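J.: The chain contents come next:
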Amino acid sequence: MVSIFFYLFAFILIFSSVFVITAKNPVHSVFFLILSFFNATGLFVLMGAEFLAMLLLIVYVGAVAVLFLFVIMMLNIDFKSLRTGIMKNARLGLIIGVVLLAEIIFSIMGMHYGKDKILGTNLSVVSNEIENTRLLGNVLYTDYIYLFQTAGLILLVAMVGAIVLTHRKRDNVRKQDATKQVLRNKSETLNINDIEIGKGA
Amino acid sequence: MNSLIDNSNLILALPEIFLALWLLIFIPLGVYSGGSLAVRQSYFSLFAVIGLLGTFLILLSGGYKATIAFNDLIVSDKLVVYMKSLVLVAGILIFSISERYRSLEKLFIFEYPVLVLFSILGMLIMISSNDFITLYMGLELQSLSLYVLAAMKKDSKNSSEAGLKYFILGAIASGFLLFGVSLIFGITGTTSFTTLATSFSNMSLNQPLLVFAIIMILSAMAFKISIAPFHMWTPDVYEGAPTSITAFFAVVPKIAAFAVLMRILFIAFYEISFIWQQILIVMSILSIFVGAFGALLQTSIKRLMAYSTISNVGYVLLSLSLATSIGLESSIIYITIYTVSTLGVFAFILSMEKEKVLLDKISSFSGLSKSHPFYALTFTILLLSLAGLPPLAGFFAKFYIFRSLIIGDMLWVAVIGILGSVVAAYYYLKIIKIMYLDDSEELLNINSNNYIKYVLGFCAFLVISFIFFADSLIEFCINISKAIVL
Chain Z
1 MVSIFFYLFA FILIFSSVFV ITAKNPVHSV FFLILSFFNA TGLFVLMGAE FLAMLLLIVY
61 VGAVAVLFLF VIMMLNIDFK SLRTGIMKNA RLGLIIGVVL LAEIIFSIMG MHYGKDKILG
121 TNLSVVSNEI ENTRLLGNVL YTDYIYLFQT AGLILLVAMV GAIVLTHRKR DNVRKQDATK
181 QVLRNKSETL NINDIEIGKG A
Chain U
1 MNSLIDNSNL ILALPEIFLA LWLLIFIPLG VYSGGSLAVR QSYFSLFAVI GLLGTFLILL
61 SGGYKATIAF NDLIVSDKLV VYMKSLVLVA GILIFSISER YRSLEKLFIF EYPVLVLFSI
121 LGMLIMISSN DFITLYMGLE LQSLSLYVLA AMKKDSKNSS EAGLKYFILG AIASGFLLFG
181 VSLIFGITGT TSFTTLATSF SNMSLNQPLL VFAIIMILSA MAFKISIAPF HMWTPDVYEG
241 APTSITAFFA VVPKIAAFAV LMRILFIAFY EISFIWQQIL IVMSILSIFV GAFGALLQTS
301 IKRLMAYSTI SNVGYVLLSL SLATSIGLES SIIYITIYTV STLGVFAFIL SMEKEKVLLD
361 KISSFSGLSK SHPFYALTFT ILLLSLAGLP PLAGFFAKFY IFRSLIIGDM LWVAVIGILG
421 SVVAAYYYLK IIKIMYLDDS EELLNINSNN YIKYVLGFCA FLVISFIFFA DSLIEFCINI
481 SKAIVL
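So the protein sequences, as listed, match chains Z and U. Note that this note's numbering has the first sequence beginning at 1, numbered continuously upward. Note that this note's numbering has the second sequence beginning at 1, numbered continuously upward.
Calculated from the structure, these hints are not laboratory results. A couple of the hints might just be wrong.
[Said to hold, decoys possible] Think about it this way: if two alpha-carbon atoms lie no more than 27 Å apart in a straight line, the pair counts; the simulated DSSO-like pairs of lysine-lysine are: (1) U/LYS361 with U/LYS106; (2) U/LYS157 with Z/LYS169; (3) U/LYS153 with U/LYS370; (4) U/LYS106 with U/LYS157; (5) U/LYS361 with U/LYS157; (6) U/LYS433 with Z/LYS175; (7) U/LYS153 with U/LYS106; (8) U/LYS361 with Z/LYS169; (9) U/LYS433 with U/LYS354; (10) U/LYS78 with U/LYS165; (11) U/LYS106 with Z/LYS169; (12) U/LYS453 with U/LYS106; (13) U/LYS482 with U/LYS154; (14) Z/LYS186 with Z/LYS175; (15) U/LYS106 with U/LYS356; (16) U/LYS165 with U/LYS361; (17) U/LYS157 with U/LYS356; (18) Z/LYS169 with U/LYS165; (19) Z/LYS175 with U/LYS370; (20) Z/LYS169 with U/LYS482; (21) U/LYS453 with U/LYS153; (22) Z/LYS175 with U/LYS165; (23) U/LYS453 with U/LYS78; (24) U/LYS165 with U/LYS153; (25) U/LYS154 with U/LYS165; (26) U/LYS370 with U/LYS354; (27) U/LYS356 with Z/LYS169.
Values in this document were obtained by computation on a predicted structure and should not be read as measured data.
Please put together the full structure from these sequences, using the hints given.
T.: Here is the structure:
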């Protein structure tokens, strides 16, 4: 049963990632990217790593993919011209592809031959009794509380920094001030003129 | 479940907790306070300085006892307390000398002191780290604030360039650090400094992967303290960033990065010192010479100070490369004296204005001895100290470095270091010549802001009177290093 789901998720994952590259419309590419993230989530759930699955869903689908959509829709990028010159970059792409392939092969080989050589301790965290979200929570809020709080401060700095670098006062922008709008009287804004019939233009 | 949030843990982290809470009060206070920006600026600086003073007092009341807390994540001992005090005092002094510059440049926004405090908080976390993860967190908190501070002057192209350059290179350096740490974790199964020390003494050490990991970590740290092959960002960032931020860059992050580097080298990697010693010797000699020769042709005082920093940190690293207690002690002395002299130099730079614009060209200081003898004299004293002339403090700093090198059987390295300092003396003396012998091209009208004058005078006084309290400082530094290295 599990293997059926594995093959289902894996095939859709591979096909949707192929479509990410080949789709003509960039918006379609992003949608295929989201589909591939969903399938990767399914694979993580099958492996029992449900926390990682949720994280992938929240971070990548919720934030990164939507950011991509924003970039594609807001910026007027000419995607047709980006597609030209594929042969010019083919050599570089090939080299990177070979390097990545070699890395995958080495890491698979390392799993068979060098595991005890590289790793000093047993790093397995997956346990069947307690789900790993609870396990992570248990250490995150006790053993690593100091780091957790520091990470919060780093995020605060990122927010403050983004505001500092992008916020500027513009002079010729009309701002809506709700208080001002509510507080004004009829006499300040309405001007009732008595105009003779037939003379008002 | 073990309860980690008991009193002993919290007391050790009390300075950081206080500063973080102070910042959390500061931000809403800054956002919601009314009034004109120019008036608010001095209140905000005062608020920030009070926060730093409070942190300093809490730190001092904590005591020196060597303790580890939060599940091995942070540590406190003499080195930590001393380096934190240095950071906090330097931070307070830099706030006081940058007031005038900030009103000249209209850097009124309250985020300026907030981000400076954030970076100081990051440095405190770095200094007290006993684990690579804590180190990384502190480093990121510190550098993220510094990137923004470098790009603070939004209407200046140079400032934006400085921020961007610093950000991209800093992010790569952080990546190096993480890569090295993950390799170390793969080899030993731990990231805690104290556990690493014991696990290195129980394993075979001839692994090429270990060398690779250490090179990665050292190059990331070398980037943060602008050691030679990784110094490229320093002149551009120093020149482009607002000058008050340059003063901050030149002094405070260097103290923190050296403090944590000492802890990495002398606690975590002490057993494998044969790996890192040669790397450090090569890097430090390179940066002594890059700093000395790079500064020769500079016309901008900020770029010159950048190269001066590069060569000065080279000397500190040189004595650390000895991996002995004497080397550690002389590098702590050097950092202390470097902090005082560089603070004084930047107090001078921040007061050199003409028609409400800060001067940057060295040639514009000509004839200063006639128009402003106090400034010229104090600056001369500080420059002579940086050049290493006896009986000023800088001489003793270099003297102890070379002494420790000769004791550690590295005579040739000491000779090379002395040659570098001779070259460096040339450009310090050149500035003095411009101030005293050249005819003035333009008349400076220095606003006699009292803070800057006091800080300048204070630093010059410390540099002159060093010989009178040298004994107690040196004994203090010996005590610190004895507590670290057995």
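J.: Run the distance test for U/LYS106 versus Z/LYS169: straight-line Cα separation, threshold 27 Å.
T.: Given that 27 Å is the threshold and the Cα spacing comes to 14 Å, the pair holds.
J.: Take a quick look at whether U/LYS153 and U/LYS106 sit within 27 Å of each other, Cα to Cα.
T.: The hint holds at about 9 Å.
J.: Need the status of pair U/LYS453, U/LYS153: alpha-carbon distance at most 27 Å?
T.: holds (25 Å)
J.: Going straight from one Cα to the other, do U/LYS165 and U/LYS361 come out at no more than 27 Å?
T.: holds (23 Å)
J.: Between U/LYS361 and U/LYS157, does the CA-CA distance stay at or below 27 Å?
T.: holds (18 Å)
J.: Compare the distance between the alpha carbons of U/LYS482 and U/LYS154 with 27 Å, and conclude whether the hinted pair is satisfied.
T.: violated (47 Å)
J.: So if I understand the rule, the pair passes when the alpha-carbon distance is 27 Å or less; does U/LYS433 with Z/LYS175 pass?
T.: It is violated: about 57 Å lies between the C-alpha atoms, which goes past 27 Å.
J.: Run the distance test for U/LYS154 versus U/LYS165: straight-line Cα separation, threshold 27 Å.
T.: Holds, at about 15 Å.
J.: For the pair supplied as a hint, U/LYS361 and Z/LYS169, confirm whether the alpha-carbon distance does not exceed 27 Å.
T.: It is violated: about 32 Å lies between the C-alpha atoms, which goes past 27 Å.
J.: Tell me if the straight-line CA distance from U/LYS453 to U/LYS106 falls inside 27 Å.
T.: holds (21 Å)
J.: Straight-line Cα separation of U/LYS433 and U/LYS354 no greater than 27 Å?
T.: holds (21 Å)
J.: Does U/LYS370 lie within 27 Å of U/LYS153 when you go C-alpha to C-alpha?
T.: violated (34 Å)
Taken one by one, the earlier hints fail for this structure at numbers 3, 6, 8, 10, 13, 19, 20, 22 and 23, listed in ascending order.
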